[in-house]
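A.B. asks: So you can see what is in the structure, the chains are spelled out below.
4 protein chains.
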Amino acid sequence: MPTDAEQACFEAGIKFGSLYHQFAGTPVSLTSAESLGRAMEESIENQPHCVDVDVEMRTDRIAAELAEQSADYTELTGRFLDVEMRIEYADVGVRTRMEMEGDYPRMKLVAVEE
Amino acid sequence: MPTDAEQACFEAGIKFGSLYHQFAGTPVSLTSAESLGRAMEESIENQPHCVDVDVEMRTDRIAAELAEQSADYTELTGRFLDVEMRIEYADVGVRTRMEMEGDYPRMKLVAVEE
Amino acid sequence: MPTDAEQACFEAGIKFGSLYHQFAGTPVSLTSAESLGRAMEESIENQPHCVDVDVEMRTDRIAAELAEQSADYTELTGRFLDVEMRIEYADVGVRTRMEMEGDYPRMKLVAVEE
Amino acid sequence: MPTDAEQACFEAGIKFGSLYHQFAGTPVSLTSAESLGRAMEESIENQPHCVDVDVEMRTDRIAAELAEQSADYTELTGRFLDVEMRIEYADVGVRTRMEMEGDYPRMKLVAVEE
Chain A
16 MPTDAEQACF
26 EAGIKFGSLY
36 HQFAGTPVSL
46 TSAESLGRAM
56 EESIENQPHC
66 VDVDVEMRTD
76 RIAAELAEQS
86 ADYTELTGRF
96 LDVEMRIEYA
106 DVGVRTRMEM
116 EGDYPRMKLV
126 AVEE
Chain B
16 MPTDAEQACF
26 EAGIKFGSLY
36 HQFAGTPVSL
46 TSAESLGRAM
56 EESIENQPHC
66 VDVDVEMRTD
76 RIAAELAEQS
86 ADYTELTGRF
96 LDVEMRIEYA
106 DVGVRTRMEM
116 EGDYPRMKLV
126 AVEE
Chain C
16 MPTDAEQACF
26 EAGIKFGSLY
36 HQFAGTPVSL
46 TSAESLGRAM
56 EESIENQPHC
66 VDVDVEMRTD
76 RIAAELAEQS
86 ADYTELTGRF
96 LDVEMRIEYA
106 DVGVRTRMEM
116 EGDYPRMKLV
126 AVEE
Chain D
16 MPTDAEQACF
26 EAGIKFGSLY
36 HQFAGTPVSL
46 TSAESLGRAM
56 EESIENQPHC
66 VDVDVEMRTD
76 RIAAELAEQS
86 ADYTELTGRF
96 LDVEMRIEYA
106 DVGVRTRMEM
116 EGDYPRMKLV
126 AVEE
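Chains as they are written, first to last, in my numbering: chain A, 16 to 129; chain B, 16 to 129; chain C, 16 to 129; chain D, 16 to 129.
These aren't lab readings, by the way, just hints derived from the structure by calculation.
A couple of the hints might just be wrong.
Said to hold, decoys possible - Only pairs whose alpha carbons sit at most 25 Å apart, straight line, appear in this in silico SDA-like list of lysine to any residue: (1) LYS123(D) x VAL66(B); (2) LYS123(D) x TYR88(A); (3) LYS123(C) x ASP87(A); (4) LYS123(D) x GLU56(D); (5) LYS123(A) x PRO17(C); (6) LYS123(C) x GLU60(C); (7) LYS123(B) x CYS65(B); (8) LYS123(B) x ARG121(D); (9) LYS123(B) x ARG110(D); (10) LYS123(B) x TYR88(C); (11) LYS123(D) x GLU83(B); (12) LYS123(A) x ASP87(D); (13) LYS123(A) x ARG110(C); (14) LYS123(A) x ARG121(C); (15) LYS123(B) x ARG110(B); (16) LYS123(D) x LEU81(A); (17) LYS123(A) x GLU129(C); (18) LYS123(B) x GLU129(C); (19) LYS123(A) x CYS65(C); (20) LYS123(A) x VAL66(A); (21) LYS123(C) x GLU83(B); (22) LYS123(C) x GLU83(C); (23) LYS123(B) x ARG112(D); (24) LYS123(D) x ARG121(B); (25) LYS123(B) x GLU83(C); (26) LYS123(D) x GLU103(D); (27) LYS123(D) x ALA126(B); (28) LYS123(B) x ASP87(D); (29) LYS123(B) x GLU128(D).
Said to hold, decoys possible - Covered stretches of chain D (in silico footprint by chain A; criterion: 3 or more residues with CB under 8 Å from a CB of chain A, positions within the stretch not fixed): (30) 31 to 40; (31) 68 to 74; (32) 77 to 90.
Stated by the list, open to error - If you want the ones that stay clear, here's a sample from chain D, every Cβ over 10 Å from chain B, calculated: (33) THR18; (34) GLY28; (35) SER44; (36) LEU45; (37) THR46; (38) SER50; (39) ARG53; (40) GLU56.
Here a beta-carbon is modelled for each residue, glycine too, at the ideal position from N, C-alpha and C.
Isolated chain A (complex conformation) (with noise of 0.2 Å):
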């Protein structure tokens, strides 16, 4: 049987590809991307054992996209936010954070606190 760290840490990670795949590709601009954030946070924290969801858009790295294309707007992928979870699974903490890791958005466990 999986014990309840295991346990905690898997519901960690679906939160974690949830987010990520729901909202990639969605437009996003240097206006739009508060919103954004925000509807990824509260939509995300709606899922079964998870506390808390902070997302930091990137808005350095999106202004720094646009400075370089065409269009006023991108789409959003892994580089253009900062993600920190917090998941709870009977007595057992879970802190995740995805950042880049060179150039690949990297979804890390931080701490599994029982």
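Assemble chains B, C and D onto chain A, guided by the hints.
C.D. replies: Showing chains B, C and D alone in chain A's frame:
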């Protein structure tokens, strides 16, 4: 060559398909409905020729759905939102609307104004 | 530090959330179900540590849904697919499954094998 | 009242927005590109008035992207596919195409045939 009115209608359709299929499946509850509606409006307004998007979250229908199921959130689908959009292309304005027609979320041209 | 088993379970969760939220809302019918199931399998198998994805499209349930509605296609949602996945991380193998539990598409850890 | 040609163009736009925003962000590699293209074609062909969808996966561009990055898969975005569609509404046929125009994936009306 397509007319400006035809181009405007094509652009209007793109916005509707985008809005629906980017956000369908998003976890939504009574408390998160507002932020999701706002994000839909602002993200699609980024697209070319899109002047205004108005999303009315049908929290009455979300509440009715939640009353009949075990989880306290559901997935965004057509009957949980009414949408109006205004598109402008060259000198043509197009007004569109999505609302339920029986059990089908019908996207329709309301007016093409030259 | 998270254990290898916890890391493996986190990775398993990511794949499930990704599969579900990338494809939920896709138009699906009896004739297109097979190609959609195949694309889900092959796209998620690209993700790190994902050894095998098996999607069984529940065409029985799609047929039942179509019999009760006006359109001849519907939108992909949890009850139209059963999914099994195998994830490997370091020396840990994780088997997971998604299937309906009452009215909710439950993603679960089946086994964590070290 | 909108003309049949305008309705046909609106329907054509819906299909394009749907295809793009349902599948943008999907993990894709050289080996999974074909099944993803096939699923896009068959799922969108379910939509009303959609006679034919042809998706050409630009594996040349996927290969070039993979050569420049660390992971061995990438995310579906506009430059990795060329799309042609045929829509029929009443007696009007519409042909549309999406292809890159500089750095932007332009969706365009090719012909409106009455």
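A.B. asks: Now look at each hint and say whether the structure bears it out.
C.D. replies: Each hint, compared with the structure:
1. LYS123(D) x VAL66(B): holds (19 Å)
2. LYS123(D) x TYR88(A): Holds: LYS123(D) and TYR88(A) sit about 19 Å apart, inside 25 Å.
3. LYS123(C) x ASP87(A): violated (42 Å)
4. LYS123(D) x GLU56(D): Given pair LYS123(D), GLU56(D) holds - Cα atoms ~18 Å apart, limit 25 Å.
5. LYS123(A) x PRO17(C): Holds - the C-alpha atoms of PRO17(C) and LYS123(A) are around 10 Å apart, at most 25 Å.
6. LYS123(C) x GLU60(C): Holds: LYS123(C) and GLU60(C) sit about 18 Å apart, inside 25 Å.
7. LYS123(B) x CYS65(B): With Cα atoms ~16 Å apart, LYS123(B) and CYS65(B) stay inside 25 Å; holds.
8. LYS123(B) x ARG121(D): Measuring from Cα to Cα gives roughly 23 Å; hence the hint holds.
9. LYS123(B) x ARG110(D): Judged against 25 Å, a Cα distance of about 20 Å means the pair holds.
10. LYS123(B) x TYR88(C): Satisfied, since the Cα-Cα distance of roughly 19 Å is no more than 25 Å.
11. LYS123(D) x GLU83(B): Judged against 25 Å, a Cα distance of about 44 Å means the pair is violated.
12. LYS123(A) x ASP87(D): holds (19 Å)
13. LYS123(A) x ARG110(C): Given pair LYS123(A), ARG110(C) holds - Cα atoms ~20 Å apart, limit 25 Å.
14. LYS123(A) x ARG121(C): Given pair LYS123(A), ARG121(C) holds - Cα atoms ~23 Å apart, limit 25 Å.
15. LYS123(B) x ARG110(B): holds (9 Å)
16. LYS123(D) x LEU81(A): Given that 25 Å is the threshold and the Cα spacing comes to 23 Å, the pair holds.
17. LYS123(A) x GLU129(C): holds (21 Å)
18. LYS123(B) x GLU129(C): Distance ~56 Å between LYS123(B) and GLU129(C) Cα, so the pair is violated.
19. LYS123(A) x CYS65(C): Roughly 16 Å separates the two Cα atoms, so the pair holds.
20. LYS123(A) x VAL66(A): holds (17 Å)
21. LYS123(C) x GLU83(B): holds (24 Å)
22. LYS123(C) x GLU83(C): violated (30 Å)
23. LYS123(B) x ARG112(D): holds (22 Å)
24. LYS123(D) x ARG121(B): Holds - the C-alpha atoms of ARG121(B) and LYS123(D) are around 23 Å apart, at most 25 Å.
25. LYS123(B) x GLU83(C): Holds, because 24 Å separates the two Cα atoms, which is no more than 25 Å.
26. LYS123(D) x GLU103(D): At roughly 16 Å apart (the allowed maximum being 25 Å), GLU103(D) and LYS123(D) satisfy the hint.
27. LYS123(D) x ALA126(B): Holds - the C-alpha atoms of ALA126(B) and LYS123(D) are around 21 Å apart, at most 25 Å.
28. LYS123(B) x ASP87(D): violated (42 Å)
29. LYS123(B) x GLU128(D): With a Cα-Cα distance of about 21 Å, the restraint between LYS123(B) and GLU128(D) holds, given a limit of 25 Å.
30. 31 to 40: holds (count 4)
31. 68 to 74: Since 0 is below three, the answer is violated.
32. 77 to 90: holds (count 4)
33. THR18: violated (8 Å)
34. GLY28: violated (2 Å)
35. SER44: holds (23 Å)
36. LEU45: holds (26 Å)
37. THR46: It holds; THR46(D) is separated from chain B by about 25 Å at its closest Cβ, greater than 10 Å.
38. SER50: Given that every Cβ of chain B is farther than 10 Å from that of SER50(D), nearest at about 19 Å, it holds.
39. ARG53: ARG53(D) is indeed farther than 10 Å from all Cβ atoms of chain B, at 18 Å.
40. GLU56: Non-interface label stands for GLU56(D): nearest chain B Cβ at 15 Å, farther than 10 Å.
Consistency note: the structure conflicts with the earlier hints numbered 3, 11, 18, 22, 28, 31, 33 and 34.
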